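Undergrad: One-letter residues, chain by chain:
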Amino acid sequence: MSATEAPGFKLGVDIDNPVMPYLRRDRIPHIWCPGCGIGTTVNCFARALTESGLNLDEVAIVSGIGCTGRVAGYLNLDSFHTTHGRAIPFATGLKLANPKLKVVVYSGDGDLFAIGGNHFVHAARRNMDIMVVCVNNFTYGMTGGQVAPTTPLGPTQTTMPYGNFENPFNLPFLADACGAVYVARWTVYHVKQLTRAMKEGLNKKGFVFIEALSPCPTLYSRRNRLGDGVDQVKYYKEKSVIKNDANTKDVALGFQSEIIVGKFVDRERPTWLEAMNEHLGRVLGERYTPYGVTHVED
Amino acid sequence: MSEAETVRRGKGTIFLRIEICKGCSYCIDFCPTHCLEFSREFNRKGYHYPVLARPEDCTGCDLCGLYCPDFAIFGVRFKDLEKLKPPQGPEPLIPTRP
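Chains as they are written, first to last, in our numbering: chain A, 1 to 298; chain B, 1001 to 1098.
These are calculated hints, taken from the structure and not from any lab test. Since this is a predicted model, take the numbers as computed values, not measurements. Don't be surprised by glycine CBs; every beta carbon is placed ideally from N, CA and C. Incorrect hints may have been included.
Unchecked claim - Distance ranges between label pairs, derived from CB positions:
1. A:7 x B:1034: 15 to 25 Å
2. A:12 x B:1041: 15 to 25 Å
3. B:1037 x A:225: 19 to 29 Å
4. A:93 x B:1083: 37 to 47 Å
5. B:1059 x A:228: 36 to 46 Å
6. B:1019 x A:144: 25 to 35 Å
7. A:204 x B:1037: 39 to 49 Å
8. A:177 x B:1083: 42 to 52 Å
I would like the entire structure built from these sequences, with the hints used as guidance.
TA: Put into structure tokens, the structure is as follows:
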């Protein structure tokens, strides 16, 4: 069953993958294609959870629909697999009902920005205290490679047989303009940096947005003759430039163009709950009991 | 110095669940010391899995474990491996959720 190069150590008995305790083992192997990068981002997320030192009983993960939407089903945390595009509204409700929770939204680009684009804009505007991880693979993976709001100009998709002519979203710019307090973009190649960004995001209060570029070997790469998943990751390695604190206006992605990665925004703004307590405390005075304050003191 | 002592030994090793590997070659291509290679054999699903072709080069850095999208492979340093196995530990050491 297993190949080990250390005699005397039985895999699964004496030693196990450090990520395994975070996964629902009965659901492994997962359904993601060979060469898909979503598993790598999950790996980074599990390690970020270890490093963040959070109590795992107080972490909840919310996913929408799609390939990345299956993450909630594979992680051994309190998880929520929601309707299409509505991961952020569910997460908002979860956070407000139990302000002690650290709520993480883990979903794909189509779910978060096409079907649920409106919710993303408003959660960022309100600075809701959630962390959003968007795995961007430039296409709708699960439904068969339709053009997504993040597909760059040029590549062929099933609904754009002569190449895409729609202008794509620049996700970090959108998040920054809407008021997210932490915006970072990394690729599946930058595993250490992605882990660090997720750890910082887990410990940051406010609306955190992390974009992780990931290859889609079955639909995006194959249709555009870009090779296998690993060839896309090699492209990320060659063409990505780390520019921390870059102006998010300049980080738009083109087809197989240079990728600017890094931590773009890290600022402080009062979260929705803090703003509500502050405002209502000022207006109503003694009559108002602050809500969810135990979390603020943590 | 005897000949046996001059043989270079790696600083670490890998563990792999062959049956959940999908042969994406992330670990092989991004191993910093290039010590992994595809196996000649297939696993039950028909994928070639990685094998430690040059064990003397493995440092046990666990970058393969960080890259692996299928949670199949991971690396350990021998230093940490020895700590894991107590001299007479009756209970198996399966890591539990922290």
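Undergrad: 36 to 46 Å was suggested as the range; check whether the CB atoms of residue 1059 of chain B and residue 228 of chain A agree with it.
TA: Once the Cβ atoms are compared, 26 Å apart, the range 36 to 46 Å for residue 228 of chain A and residue 1059 of chain B is violated.
Undergrad: Okay, residue 177 of chain A versus residue 1083 of chain B on CB: inside 42 to 52 Å?
TA: 49 Å, holds
Undergrad: Holds or violated: the 15 to 25 Å window for the beta-carbon distance between residue 12 of chain A and residue 1041 of chain B?
TA: Holds - the Cβ-Cβ distance for residue 12 of chain A and residue 1041 of chain B, about 21 Å, lies within 15 to 25 Å.
Undergrad: Per the hint of 19 to 29 Å, is the separation of the Cβ atoms of residue 1037 of chain B and residue 225 of chain A within bounds?
TA: 27 Å, holds
Undergrad: Taking the beta carbons of residue 7 of chain A and residue 1034 of chain B, is their distance inside 15 to 25 Å?
TA: At roughly 24 Å between Cβ atoms, residue 1034 of chain B and residue 7 of chain A fall inside 15 to 25 Å, so the hint holds.
Undergrad: For the hint 37 to 47 Å, verify it against the beta carbon of residue 93 of chain A and that of residue 1083 of chain B.
TA: Hint holds: Cβ distance 44 Å, inside 37 to 47 Å.
Undergrad: Is the distance from the Cβ of residue 1019 of chain B to the Cβ of residue 144 of chain A consistent with 25 to 35 Å?
TA: 28 Å, holds
Undergrad: Holds or violated: 39 to 49 Å for the Cβ distance of residue 204 of chain A and residue 1037 of chain B?
TA: Roughly 41 Å apart at Cβ, these two residues keep to the hinted range, so it holds.
Checked against the numbered hints above, the structure violates only hint 5.
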